[in-house]
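**Q** Here is what each chain is made of, one letter per residue.
Number of protein chains: 2
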Amino acid sequence: MKKDFAVIGLGRFGGSICRRLSELGMEVLAMDNNEERVNEYASIASHAILGDSTDEAVLKEIGIRNFDHVIVAIGDNIQASILTTLILKELGVKHVTAKALNDYHEKVLLKIGADVVAHPERDMGIRIANNISTSTVLDYLELSDEHSIVEIVANERLGGNTIIGLNIRARYGINIVAIKRGSDIIVSPLASEKIWLGDILIVIGADTDIERFRKKVIED
Amino acid sequence: MKKDFAVIGLGRFGGSICRRLSELGMEVLAMDNNEERVNEYASIASHAILGDSTDEAVLKEIGIRNFDHVIVAIGDNIQASILTTLILKELGVKHVTAKALNDYHEKVLLKIGADVVAHPERDMGIRIANNISTSTVLDYLELSDEHSIVEIVANERLGGNTIIGLNIRARYGINIVAIKRGSDIIVSPLASEKIWLGDILIVIGADTDIERFRKKVIED
Ligand SMILES: Nc1ncnc2c1ncn2[C@@H]1O[C@H](COP(=O)(O)OP(=O)(O)OP(=O)(O)O)[C@@H](O)[C@H]1O
Ligand SMILES: Nc1ncnc2c1ncn2[C@@H]1O[C@H](COP(=O)(O)OP(=O)(O)OP(=O)(O)O)[C@@H](O)[C@H]1O
Ligand SMILES: [Ca+2]
Ligand SMILES: [Ca+2]
Ligand SMILES: [Ca+2]
Ligand SMILES: [Ca+2]
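In order, the protein sequences belong to chains A and B. As numbered in the numbering used here, the first sequence has no gaps in its residue numbers, which increase by one up to the final residue, 238. As numbered in the numbering used here, the second sequence has no gaps in its residue numbers, which increase by one up to the final residue, 238.
Errors might be hidden in some of the hints.
Since copy identity is lost for identical chains, a pair holds within one copy or between any two.
To be verified - Capping the alpha-carbon separation at 30 angstroms, the derived lysine-lysine pairs in DSSO-like fashion look like this:
id, residue 1, residue 2
1, Lys78, Lys234
2, Lys112, Lys198
3, Lys112, Lys21
4, Lys234, Lys198
5, Lys233, Lys198
6, Lys234, Lys21
7, Lys21, Lys198
8, Lys234, Lys125
9, Lys21, Lys233
10, Lys234, Lys107
11, Lys233, Lys129
12, Lys125, Lys198
FYI, nobody ran anything at the bench for these hints, they're computed from the structure. Just so we're clear, the structure is a prediction, and the values are computed from it rather than from any experiment.
Could you build all of it, start to finish, from the sequences and the hints given here?
**A** And the structure:
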C-alpha cells in the first residue's frame with residue numbers, strides 16, 4: 019500500500035525529505051508559506067501549495083488528517099513549529115515527525131505528541147564525530163546501545179590472513195558479516211576467506227568487543 | 019595514536035561534533051568568533067578559544083597545521099566558510115571536513131581542497147525519507163550503491179517460522195545477520211532459530227533482493 023506524505027517547510031531539511039520521498043515514488047504534498055519555495059518544489063512533489071501551517075483552517079481544508087505521515091520541517095521559527103505540530107496531532111494525524119532546534123524544543127514537541135523528533139545538525143554531528151575519531155571506522159549502524167555494525171579497514175596486520183587464521187570470532191566475540199573489496203561485496207564470507215590489505219570488513223558485535231578488536235589489531 | 023582535532027564554528031553542527039569527539043576521549047580545540055559560544059564549550063573541549071578563522075595569523079598562531087583533522091562548521095556565512103577552508107589547506111592541514119549549505123557551496127569547497135563536505139540537513143533528510151517511506155525498514159547502512167544492511171520488522175507472515183523454514187537465503191539471496199528482540203541481540207542466528215512477531219531482522223544483501231523480499235513477504 020502506497021502511503022501519503024506531507025512535508026511542511028521546504029528548507030534544506032524539509033526540501034531534502036520531499037525530494038527523496040518523491041524519488042522513491044511516494045505521493046508527497048509540499049507546503050510552505052514562502053512562494054519561491056513552493057514554486058521550486060512544484061515540479062518535484064506531487065502537489066505544492068502555499069500556506070501557513072499555523073492556520074488550522076488551511077490544514078483542515080487540504081484534508082491533512084488523511085495523510086499517513088506529516089513532517090514538520092520548520093526550523094528557525096520554533097513557535098510555528100510547535101503550533102503546527104499541536105494542530106496536526108489535534109486533527110488526528112497519526113505520524114508526525116518534527117524537526118527540533120535544541121533540547122528544549124525537542125521536549126516540547128514530544129510533550130504535545132510528536133511521534134519522532136529529528137535533530138539533523140546534532141545527529142549528523144554525532145555520526146561524523148564517530149566516523150572521524152578513528153580513521154579505521156568508516157560508517158556504522160547502531161543496533162542497540164551496546165551493539166553495532168561497523169566498517170573497519172583492514173591493515174597490514176590483517177591482510178594476507180584468513181578469517182579462521184585470525185580466530186576473530188573466538189578471540190574477540192565479533193563476526194565479519196561481509197567484506198567490501200573494491201566494488202565487490204562478499205556476503206557471509208567463509209572462515210577460509212583470505213582478507214586483503216585495504217578490504218573493508220563489515221563487523222557485527224558488542225561495542226566493547228569491536229573497540230577491543232580495533233584497538234588491539236588495527237591501531238596498536 | 020590519539021589524534022588532535024579542531025572544530026571551527028560552534029553552532030548546532032560544530033557543537034555536536036565537538037561534544038561527541040570529547041566524549042570519545044579525543045583532544046579537541048574549539049574555536050568561534052562568538053564569545054558566548056566559546057564560553058559554552060570551555061568546559062567541554064580540551065581548549066576553547068575566541069578567534070576569527072578567516073584571519074590567517076590567528077590560525078598560524080595556534081599552530082593549526084599540527085592538527086590531524088579540522089572541521090569547518092561555519093554555516094550561514096558562506097564566504098567565511100570558504101576562506102577558512104582555503105587558508106587551512108594552504109597552511110597544510112591534511113584533513114579538512116567542511117559543512118556546505120548548498121550544492122554550489124559544496125562544489126567550491128571541494129575545488130579549494132576540502133577533503134570531505136558534509137550537508138547535515140540534506141543528508142539527514144535523505145536518511146529520514148528512506149526510513150519513513152516504508153514502515154518496515156527502520157534503519158540501514160549503505161555498503162555500496164547496490165548493497166545494504168537494513169533493519170526490517172517481522173510481521174505475522176514471518177513470526178513463528180524458522181529461518182530455514184522460510185528459506186530466505188535461497189529464495190531471496192539475502193542473509194539475516196542478526197535479530198533484535200526487545201533488548202536482546204542474537205548475532206549470526208542459526209538456521210533453526212525461530213523468528214518472533216515484532217523481531218527486528220538485520221538483513222544484508224543486494225538492494226534489489228532486499229526490496230523484493232520486503233515487497234513480497236512484508237508489505238504484500
Ligand atoms: N508557518 C509556516 N507555514 C509554512 N511554512 C513555514 C512556516 N514557517 C516557516 N515555514 C517554512 O519552513 C521552511 C524552513 O524554515 P527554516 O527557517 O528552517 O529555513 P531554512 O533554514 O532554510 O531550513 P533548513 O534549516 O532546513 O535548511 C522555510 O522555507 C519557511 O518558509
Ligand atoms: N569567521 C569565523 N570564525 C570563527 N567562527 C565563526 C566564524 N563565522 C561564523 N562562526 C561561528 O560559526 C558558528 C556556526 O555558524 P552558523 O551561522 O551556521 O550558526 P548556527 O546556525 O547556529 O549553526 P548550525 O547551522 O550548525 O546550527 C557560529 O557559532 C558562528 O559564531
Ligand atoms: Ca535553518
Ligand atoms: Ca552505541
Ligand atoms: Ca545554520
Ligand atoms: Ca543504495
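**Q** Of the hints given before, which are not true for this structure?
**A** The structure breaks hints 1, 8, 10 and 11; every other hint is satisfied.
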